[in-house]
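Chemist: Below are the chains, spelled out letter by letter.
Number of protein chains: 2
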Amino acid sequence: MSGARNLSNALRRARVPRPRIVVRPALLQSPATTAIRTFTVSSTARADRQIKYTSDAYPNVKRDPNFGELTADDVAFFKELLGSQSAVVDGVTTDATDDIEPFNSDWMRKYRGHTRLVLKPQSTEEVSKVLKYCNDRKLAVVPQGGNTGLVGGSVPVFDEIVINTSRMNQIRSFDEASGVLVADAGVILEVADQYLAERNHLFPLDLGAKGSCHIGGNVATNAGGLRLLRYGSLHGNVLGLEAVLPDGTIVDSLSTLRKNNTGYDLKQLFIGAEGTIGLITKVAIICPPRPKAVNVAYFGLESFEQVQRAYREAKGQLSEILSAFELMDGRSQRLVHESTGNKYPLEGEYPFYCLVETSGSNAEHDMEKLESFLEHVLGEGIVADGVLAQDETQFQAIWRWREGITEALSHLGGTYKYDVSIPLSELYQLVEDCKQRLTEKGFVGDDDSFPVRAVVGYGHMGDSNLHLNVAVRQYNKEVEKAIEPWVYEWIQKRQGSISAEHGLGIAKREFIGYSQNETMVKLMKQLKALYDPNGIMNPYKYI
Amino acid sequence: MSGARNLSNALRRARVPRPRIVVRPALLQSPATTAIRTFTVSSTARADRQIKYTSDAYPNVKRDPNFGELTADDVAFFKELLGSQSAVVDGVTTDATDDIEPFNSDWMRKYRGHTRLVLKPQSTEEVSKVLKYCNDRKLAVVPQGGNTGLVGGSVPVFDEIVINTSRMNQIRSFDEASGVLVADAGVILEVADQYLAERNHLFPLDLGAKGSCHIGGNVATNAGGLRLLRYGSLHGNVLGLEAVLPDGTIVDSLSTLRKNNTGYDLKQLFIGAEGTIGLITKVAIICPPRPKAVNVAYFGLESFEQVQRAYREAKGQLSEILSAFELMDGRSQRLVHESTGNKYPLEGEYPFYCLVETSGSNAEHDMEKLESFLEHVLGEGIVADGVLAQDETQFQAIWRWREGITEALSHLGGTYKYDVSIPLSELYQLVEDCKQRLTEKGFVGDDDSFPVRAVVGYGHMGDSNLHLNVAVRQYNKEVEKAIEPWVYEWIQKRQGSISAEHGLGIAKREFIGYSQNETMVKLMKQLKALYDPNGIMNPYKYI
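Those protein sequence lines, which keep their order, are chains A and B.
So the first sequence is numbered by the UniProt record's numbering: it starts at 1 and just counts up by one.
So the second sequence is numbered by the UniProt record's numbering: it starts at 1 and just counts up by one.
These are calculated hints, taken from the structure and not from any lab test.
Owing to the predicted nature of the structure, the values given are computational and were not obtained by experimental measurement.
Among the hints, a few may not be true.
Note: identical chains are not told apart, hence a pair may lie in one copy or across any two.
25 angstroms max Cα-Cα, derived SDA-like pairs, lysine to any residue [claimed, not checked]:
#1 Lys292 <-> Val75
#2 Lys522 <-> Tyr58
#3 Lys435 <-> Asp448
#4 Lys435 <-> Pro533
#5 Lys315 <-> Asp446
#6 Lys493 <-> Leu266
#7 Lys129 <-> Glu518
#8 Lys52 <-> Glu489
#9 Lys292 <-> Val191
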């Protein structure tokens with residue numbers, strides 16, 4: 001087949017029936033993903049539904065009566081301060097509902113606030129003045145980047161002012177010798193990565209929302225993504241931060257040094273704090289050289305045991321060039337197939353699929369390692385079938401079977417999303433158990449009378465990070481009650497995390513006790529009180 | 001030559017005069033380093049000198065009058081609490097000077113305290129009770145691990161109680177699927193690494209003092225070491241910690257999950273806090289698979305410009321298998337030669353030397369990459385001469401030329417050590433400028449009338465981390481005044497760090513302002529006050 005790399009030589013050496021590994025034309029029919037992938041949900045099936053207000057969905061959450069109420073004077077102050085017309089979306093003194101709505105609700109159409117004011121400062125000094133004013137007036141605020149979060153952390157609940165970072169979007173510097181990039185919080189992740197690509201470097205974070213999310217938001221939520229396995233977490237890669245505290249204090253910890261042991265590493269507190277103690281304005285991050293060779297393979301496997309074996313083999317054999325090991329269950333791939341209309345990469349269907357990516361500096365060496373790995377996992381019967389991308393189009397097409405899951409799910413109505421860490425051996429058991437539970441309760445079915453369409457599992461196998469998704473025809477409190485807190489108890493028993501990478505937001509706030517003990521929660525509250533005594537930063541969320 | 005890998009084929013392809021690259025017999029004459037390297041200084045030239053008390057060397061530092069004074073009742077309490085005889089070294093009610101002295105002073109013989117009590121708790125609960133008691137009685141304490149620090153951070157200044165972690169030395173668990181090790185703070189780094197070696201994994205930190213230092217101390221000081229370039233910092237690799245706050249609160253943040261976004265990442269505050277807000281009792285750390293192939297090469301180079309070029313080439317060509325790139329100047333290698341009596345690895349002397357290490361999963365691929373790199377840097381004249389280790393003995397011998405510098409220096413009298421981060425292009429300029437300054441002042445010379453023997457530079461090129469060492473015949477205030485604060489001003493101008501990896505301790509405490517602005521220092525003090533309101537944890541140090 002044209003373009004298909006012939007693995008027969010490698011397989012001939014294995015004394016086992018030779019399994020089939022080919023690249024199917026189907027892959028070539030899939031459109032390559034566009035340069036900037038976005039999370040915009042365009043399903044017409046959704047336009048007829050209003051998003052429920054978070055304040056209605058969470059009736060126990062009450063507006064803090066200590067917070068000030070926005071006045072025309074406040075708006076006048078902000079307009080004067082920020083100058084530019086485009087910097088203030090004013091729903092206080094004008095009717096700007098349509099302009100404000102995108103800032104009030106999330107892309108999943110699950111959370112919706114009542115804000116009447118959106119501010120888009122363009123500099124750290126402006127952020128400082130905005131926050132100082134808000135703190136003095138006790139006006140609550142919500143920092144917002146690309147608004148691609150999954151736990152309602154970046155949209156208001158009541159009338160909190162949205163401080164959006166989209167106008168702070170400059171790349172400040174890049175040093176090729178050290179690989180250190182300094183950029184504003186509002187730079188879009190993919191823009192940063194493309195800038196780095198032109199300089200033979202790579203942003204050490206990649207995720208489905210890269211076309212929309214801001215790097216400030218990535219840091220604020222300690223985003224994990226697709227290649228944490230290879231490049232490590234933001235706690236290791238972020239070298240410096242600039243942030244503004246609620247009282248307007250500018251925290252300049254924007255070091256570009258790989259090593260700097262001069263005092264407490266305070267910037268770490270902002271990484272993953274979801275904008276509850278300050279607003280991140282600039283990021284310094286160390287970026288690795290862009291790999292010269294990247295390969296991706298896609299496997300079908302008969303059981304989760306085989307997935308675990310395949311992962312162990314990949315870790316051992318691909319070692320330093322392994323850059324992603326993603327798990328997708330059969331149901332998730334069927335959803336992508338139904339949503340995109342693309343033919344499956346493999347003939348026949350399997351209960352499990354894996355995506356294995358390698359990134360290295362020598363294409364020949366990498367291919368040799370990968371072929372030897374493939375020979376082994378096919379020869380041993382660990383993997384039932386597989387394809388190996390031969391060009392950029394196929395590469396993108398294969399990744400689309402992983403990255404397209406979120407979008408495919410978004411077309412179905414609503415999704416209850418659980419993003420959890422569990423010991424590897426039990427990773428998929430949660431999906432089975434959840435499915436069984438919801439089926440027993442009579443919630444799951446193919447026709448529209450059942451609230452649940454599908455229970456789906458996928459995630460970052462290499463990080464022991466599962467995404468359990470329950471796709472519903474519409475958000476349904478009965479279904480939610482059947483899942484929660486059952487799912488959190490299940491995770492707690494295994495000492496897992498109820499939020500591996502998505503964070504807490506409003507969705508998981510009340511469940512923090514399942515992953516953190518009382519002492520930790522007490523210490524967190526103490527810290528919140530220290531930095532934000534008026535509680536104005538992203539209230540009703542996190543802790 | 002027997003054992004020497006012939007690079008002539010590779011070099012034949014380069015159309016340049018073929019430089020010489022051989023493995024010299026000298027390497028084979030060097031004794032292989034023993035499994036456990038220690039920092040013990042055995043020079044007889046030193047035994048006749050008493051170490052000066054830190055309280056005399058720093059007359060401005062006064063004992064905090066709010067601290068309690070140890071009584072026989074206190075000692076009785078601790079003896080009762082800790083049970084075992086070996087857990088309490090009592091210099092309060094008995095004369096135990098000789099037993100206490102090793103805990104009172106550091107291995108550099110530069111810092112010396114007046115403690116009369118050393119406690120060695122064996123469990124977290126014991127640490128908790130000790131600290132609670134001390135906090136209630138306002139008795140100051142110094143957490144101490146292997147006492148291998150370089151800034152006087154782990155020894156008392158006055159009569160602070162030493163809490164030594166050596167009896168908390170159990171490895172708690174290791175999970176092969178995830179690579180996560182959980183161990184007590186007092187486990188010696190090399191013991192942990194050997195335990196992991198038997199399980200085909202590697203501790204993601206390595207440093208000269210590995211035979212003595214404790215992993216709790218490594219984390220408390222955010223140790224960097226030899227392979228940070230490859231495996232990243234402890235802020236990324238430490239997944240969980242258990243620590244005890246001054247009031248006895250046990251902070252159980254001992255997560256073994258790679259991803260856990262449930263609240264502020266408080267454990268990060270203890271990493272690099274040098275025991276000033278709490279005492280680390282357990283560590284959970286992610287460990288990479290042990291590389292199957294490790295190679296090391298040693299180069300002579302004619303200038304620092306060539307060193308920079310060699311580093312750029314190594315980064316580009318060796319990429320994912322590059323695990324160390326160390327810089328040593330000619331003077332540092334001469335000191336090792338004089339101290340060990342070993343023959344130089346290369347014929348002739350060079351102003352600069354580099355050690356390049358690769359670690360990978362495929363010996364053949366790694367050697368091919370390394371040979372192609374060597375061919376290039378030799379062919380282009382970037383490197384003047386080089387050797388490549390062919391076996392474990394040679395591997396250890398080459399590393400000894402880098403790791404032996406500290407010990408070689410320790411035989412000379414005293415050393416003023418500066419551990420700094422500077423932009424790569426100016427990394428070595430600091431050594432030149434310092435040498436010129438001290439020479440102009442008439443301090444540098446070969447005979448005993450000059451206080452300064454040598455100004456030496458070496459370090460972790462890959463991390464932009466230089467160790468500037470001024471070897472003196474004895475510690476000398478005039479020399480110190482000529483270096484400080486000049487050296488800190490030099491670094492500040494280049495926005496470097498006055499302490500890249502050694503920390504602040506007492507040595508750098510008053511200079512923190514050269515690397516941190518006023519706001520940062522204020523925030524740090526605020527945090528110290530929050531966690532340690534009585535200031536009993538490692539006082540007189542850090543901030």
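Chemist: State for each hint whether it applies.
Modeler: Hint-by-hint comparison with the structure:
In this assembly of identical chains, the alpha carbons of Lys292 and Val75 never lie at most 25 angstroms apart, being 51 angstroms within a copy and 64 angstroms across copies at closest. When the C-alpha separation of Lys522 and Tyr58 is checked against a cutoff of 25 angstroms, the pair qualifies only within one copy, where the shortest distance is 24 angstroms, while the shortest distance between copies is 39 angstroms. In the homo-oligomer, the alpha carbons of Lys435 and Asp448 lie at most 25 angstroms apart inside one protomer (18 angstroms), although the nearest pairing across protomers, at 81 angstroms, exceeds that limit. In this assembly of identical chains, the alpha carbons of Lys435 and Pro533 never lie at most 25 angstroms apart, being 43 angstroms within a copy and 51 angstroms across copies at closest.
Taking the closest pair of Cα atoms, Lys315 and Asp446 never come within 25 angstroms of each other, the shortest separation being 38 angstroms inside a single copy and 54 angstroms across copies. In the homo-oligomer, the alpha carbons of Lys493 and Leu266 lie at most 25 angstroms apart only across protomers (23 angstroms), although the nearest pairing inside one protomer, at 32 angstroms, exceeds that limit. For a Cα distance limit of 25 angstroms, the shortest separation of Lys129 from Glu518 across copies, 20 angstroms, qualifies, whereas the shortest one inside one copy, 36 angstroms, does not. In this assembly of identical chains, Lys52 and Glu489 lie within 25 angstroms of each other by CA distance neither inside one copy nor across copies; the values are 28 angstroms within and 59 angstroms between.
Within a single copy, Lys292 and Val191 get their C-alpha atoms as close as 20 angstroms, which meets the 25 angstroms cut-off; across copies the closest is 38 angstroms, which misses it.
Consistency note: the structure conflicts with the earlier hints numbered 1, 4, 5, 8.
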